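*Asks:* If you want the building blocks of each chain, they are given just below.
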Amino acid sequence: MAKIKKRTMMGSHAGQTLWAVTVVAMIIGLVTGAYIYVIHDSDSDTLVIYSGRSSELVDEIIKEFERTTGIKAELKYGSTSEIAGMLLEEGRHSPADVFYAQDPGGLGAVEHMLDTLPDDLLEKSPENFRSPQGRWVGISGRARVVVYNTDVLTEVDLPDSIWDFTGAEWRGRIGWAPTNPSFQTMVTAMRSIWGEEKTENWINGIRENDPIAYPRNTPVVRAVAEGEVDVGFVNHYYLFRFLAEEGEGFSARNYHPRGGGPGTTMMISGAGILETSENRENAQQFLKFLLSKQGQEYFAENTFEYPVNEGVETHDMLKPISDIQFPNVSIEEMNDLEGTLALLRRTGVIS
Amino acid sequence: MSYLELKRKINSFPTVVWVSSITITILIAIPLIYMTIRAIGAGPETWDLVFRFRTMEIAGRTLALAITVPLLSLGISLPLAWLTTRTDLPFKRTWSVLTVLPLVIPSYIFAYVMIVALSPRGMLQQALASPFGIEQIPSIYGFFGATLSVTAVSYPYLLLPLQASLRGIDPSLEEASHSLGHGTFSTFKKVILPQLRPAIASGALLIALYSLRDFGAVSLMRYETFTFAIYNQYLTPFGGRMIAAALSMILLFIALGLMFAESATRSRAKFYVTAKGSSRKADLVALGRWRWPALAFCGSVVIIFLVLPMYVLGYWALRGISAGETVQVVWSSAVNSIQVSMITAVIVVLAALPIAILTSRFSGRLSQVVEKFTYIGFALPGIVISLSIVFFAVGTFMYQTLGLLIFGYLILFLPLAMGSIRNSLLQINPDIEEASRSLGRTANQTMRSVTIPLSKNGMISGAALVFLVTMKELQATLILSPRNFDTLATSIWHATSEAFFARAAVPALLLILLSSIPMMILLIFGHMRENYEKIGSSL
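Protein sequences appear in the order of chains G and U. Residue numbers for the first sequence follow the working numbering, so the first one is 329 and each next one is one higher. Residue numbers for the second sequence follow the working numbering, so the first one is 11 and each next one is one higher.
Among the hints, a few may not be true.
[To be verified] Taking beta-carbon pairs under 10 Å as the criterion, some of the chain G residues facing chain U (in silico): (1) Ser383; (2) Glu384; (3) Ser620; (4) Lys621.
[Said to hold, decoys possible] Rough simulated footprint, nothing fancy, chain U against chain G, three-plus residues with beta-carbon under 8 Å: (5) 407-413; (6) 516-522; (7) 541-547; (8) 568-578.
Don't read these hints as lab results, they were simulated from the structure. Please read these numbers as outputs of a predicted model, since none were measured by experiment. All C-beta atoms, glycine included, are put in the ideal place defined by N, C-alpha and C.
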């Protein structure tokens, strides 16, 4: 009896050791496998780009950059706010060299982590389209527009300024995306041009017209074309995506308010280099490439955006920059996103 | 339980079970630690803001969704599970695969498709407009649309465990019930349903928790829940993180409330039979004329939750291609998706097994706390979990590796596998394990030759669940993946976020098709194994 017991105990011990060894081996295998998976072709010259812009918009031009310069790029995509959140958590350990963002708000959130850019790079972008501290530079622009349903409206029916949509005749006909960074940038422009009080009146006036709030720009454009609402406050280029997919029959078009004002604000996508980057030369080369004639033509032709390089022509489907009454707001004033958020919270537009 | 009894019970599990359970439990605390750090960093102004803001209103909306969605899912899953396991319904295997597949559709895709089809001026209204002159149909936005979309992508959390449990129930009880003069319905109500209670409770809990953390559907349906509010905080660059952490804390309390509600439904009841006859499959119920309504039911579920979205996706793809859009399938992203999902399924099941064994064999308070603890990752928004992992892993060699991504998936999906395995273990009489021990087998041998083989059904359905949800996971994949790592889910997201519908549709269809293949293999394999591996005979 005693003998049997002893054997079982030994058996038990051996069995446990076997289990433990298996588990440990698996963990080691997993970790090394994962390590090798990533490390195998990385080297220190590889440029690490965090992109808050979708790969559908920028992947091609990044491949073009790799071909032209021979520099390898590794990409991490996400929404601009996610990437900004990630960079803030990463802090000084961030492996990123470049942050390429959809809007200045995201760049502003991590501005303290960005390096000052050399003047020759900054000067490639107009003064209003770059960081006042010289820490990021604008790459391409999107215009705020009013998108309208062509079955019920023509451009003549639309008012001169975005202010006029507070009129009672627009009740139940407006779509907007108040949590969208571009919308918030437009409100910042309003505060700078109209002042705090008039902006608050505009927000309350629109709210009295029962606008439908959508989470993003794309659903607004779709809702306008389907007649769910008659007008929407969005960026210009989503319409061209729908036209490309659905053809000319798509019943929505863009309107740049003819009287100018904050309703025609230009939104900027931009890029900066992380202070912790050990690869600044390549990073600067990347920014230069995006701002070169080749890079700017890519944005004009492929993403229907407005190039920041004045020597490059805009797409012929777009209203030329010279025909739009852009408001004159300095970038410092455009940076006050905090004040805008406070206003939007106060008025209950966002939580 | 006396000290000696407890000691004996502890010794009846191999050390490795204890060690791995404890390790995994500690790792799962990572998001909690992170949230606490951030919420403390938030300071009083942030908390003021949190309480000033329509927190109660949002909490009400969140709870309404977390209660309605599980109920609706039960109404769908219970008949489906019974029909596909216990009746002579035609094409059972096909229905089993098709009804689980909506789980792989990302919720934002399903919601978008629903809006395209059912919005006030959407496809349905267009179709009804000319023959019937219907100008507008009721709005889909808000509670209705959110409930529908979240249910669509989460009801399989209930369906899969229900199917597994129904297969595991010993038929002798039903036979006894029949022999005592009870009909099919009465037997179902009095004998089968009570035995399904653990599966229903844990599945419903998963669905309730998923409703808490869904972002895609609620945002598109414009139904503001906590998760929606938390994401919006991340859109705000200043201080947003702190408010988000504070809101996540509140969300966590709601989740804990739901978990304890589930615990309260648990009884000390046993779900196994004490004296097993020969274990064999139950006789199938002949549906007779009821076959037609049964088929109609299965058909409607599949049409609404699978065919409709696939139809809209197919329409997008064809429309875009005929309008001259270039659509390329990046095969590497499909390979990445499948590879990482398979590895994750295996690892998550292996990690869940020891915890499931311990928590199903100890009914004490500590074991309940440990079990609930593993659900934390499943109830919180993906962005919070992912950033917490970034916070701890950045700067280490693990950062932005596949290993870390899989670890993220583990935190997110552990309860999926655990629930399934637990349910199958609860159907095993622990006396069988005792018997094995008393016959001289060690704790290890018992584990290998008794417990693990008997929980195979649960492990398989757990692996299937984890595989499917990993295929579509977006948030953790975006934040934690290695650089240059694309999956089908991230490709779909890149394309939809910029309104490239045709380019989104092709990988989305591919995601659904590729997910269905392993599902079919698992179901067929599970069926074959069931046929010749008689559980009783292995003893």
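*Asks:* Each hint should be assessed against the structure and marked as holding or not.
*Replies:* Each hint tested on the structure:
Contact between Ser383 (chain G) and chain U, as hinted, is supported at the beta carbon level, the nearest pair being about 5 Å apart and thus within 10 Å. The interface hint given for Glu384 (chain G) is met, as the beta carbon of that residue sits about 5 Å from the closest beta carbon of chain U, less than 10 Å. Annotation: Ser620 (chain G) was flagged as interfacial toward chain U, and the flag is violated, the nearest CB pair being 23 Å apart, outside 10 Å. Given the 10 Å rule on beta carbons, the hint for Lys621 (chain G) is violated: about 24 Å separates it from the nearest Cβ of chain U.
Figure legend: the region 407-413 of chain G, annotated as covered by chain U; annotation consistent (5 residues with Cβ-Cβ distances under 8 Å, at least 3 required). Counting residues of the region 516-522 of chain G whose C-beta lies closer than 8 Å to any C-beta of chain U gives 0; at least three are required, and the coverage claim is violated. Using a Cβ-Cβ cut-off of 8 Å, 6 residues of the region 541-547 of chain G lie near chain U, which meets the minimum of three, so the contact claim holds. Coverage of a stretch by a chain is defined here by at least three residues with a beta carbon nearer than 8 Å to that chain's beta carbons; for the region 568-578 of chain G and chain U the count is 6, and the condition holds.
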